[in-house]
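Visitor: Mind docking chain B on chain A? Use the hints.
If you're matching them up, the sequences are chains A and B in order. If you're matching positions, the first sequence starts at 1 in this note's numbering and goes up one per residue. If you're matching positions, the second sequence starts at 1 in this note's numbering and goes up one per residue.
No lab work stands behind these hints, which were simulated from the structure alone.
Put simply, identical chains are the same to the list, so a pair is met inside one copy or across any two.
Derived BS3-like pairs (lysine-lysine); straight-line CA-CA distance at most 30 Å: (1) Lys81 <-> Lys112; (2) Lys81 <-> Lys142; (3) Lys81 <-> Lys40; (4) Lys183 <-> Lys112; (5) Lys164 <-> Lys142; (6) Lys7 <-> Lys40; (7) Lys2 <-> Lys112; (8) Lys112 <-> Lys40; (9) Lys101 <-> Lys81; (10) Lys21 <-> Lys142; (11) Lys21 <-> Lys112; (12) Lys112 <-> Lys7; (13) Lys81 <-> Lys183; (14) Lys81 <-> Lys21; (15) Lys112 <-> Lys180; (16) Lys179 <-> Lys112; (17) Lys2 <-> Lys49.
There are 2 protein chains.
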Amino acid sequence: MKLLEDKIRSEGIVVNDNILKVDSFINHQVDPVLMMEIGKALAEHFKDKGVTKVATIESSGIAPALTCAMSLGVPMVILKKQPSKTLNSDLYQTIVTSYTKGTSYELTISSKYVNENDHVLIVDDFLANGEAATGALRLIRKAHATIAGIGIVIEKSFQPGHDKLAAQGIDVYALARIKKMDKDYIEFMED
Amino acid sequence: MKLLEDKIRSEGIVVNDNILKVDSFINHQVDPVLMMEIGKALAEHFKDKGVTKVATIESSGIAPALTCAMSLGVPMVILKKQPSKTLNSDLYQTIVTSYTKGTSYELTISSKYVNENDHVLIVDDFLANGEAATGALRLIRKAHATIAGIGIVIEKSFQPGHDKLAAQGIDVYALARIKKMDKDYIEFMED
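Pulled out of the complex, with its shape left as it was, chain A reads as follows:
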């Protein structure tokens, strides 16, 4: 997606060859116009896949998941990072461990909102090692639903997440795929 790649080139800050900050338009400040275009582009790719719900992990994935769900005309479901006190029975949970960050958290979903009638598109802002996406997949399968695909805003294609997920036969579609990056330099994958 050219608009997004241009924005990453002009406003993204490469902290080191592993960390890209996009705080000015995706994570901390959000550009609603760009976010709507992102949602449309993800929806366009998955529009014929019979998606019944768009799921995302709180909280950076909420904005692109919402605009994608709007474009597809289906509900969005937020996978919660901790069991809410007011969500009670019929919960599915899974532990997600981030080896890179050295943290783990519990991901929760209510069986009311994802169940055996659903074909779910997972949307998230970043894909790197695929730990969060793998946790989301596991949780959605626990809830007896199937996976329509994974839609990503920015993928660090030099990290193993994409290949690990694609190897399971999942359609992993990212709007910006970074092949290599360095302090003053970002190279995207060719389409």
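Guide: Coordinates of chain B only, in the frame set by chain A:
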């Protein structure tokens, strides 16, 4: 907002006279069509107030804040519940304590995204005791910005948040104002 009040009546679950669950369309599953209408209605109220940014606290406020920012044509800023590792210098922080929940968290904003040029509309999903909104206000003032108002999806008007904030001269506008609620009964404030 009639559409929202009807949805609260038909799908909201009153757990006790203090807790209302709206997980099926606001907090856990999100209805994108209703969320767009919510954003438009909040924007309509504040459209002549010179709003430069819409700010919200992660994560349930992100959806209504994004649709409101879209309608106003301004960026959205997410006040982070913890200092991100990739957000480094020039941060403002404040501690928000929830006496009802017995928890506290650190709220963070970067001076890059809210500063002395900004007139900020705070948007959140719920207003009850006003603890989160008061923390957001404090943080935005720390960042040298002024407050255009507070836009809320659902207000529990029988709790003190609204009056506490309005007493400071702030325009607090809620789309659904619950006067009283009970297991089988929700009464809204008259307009």
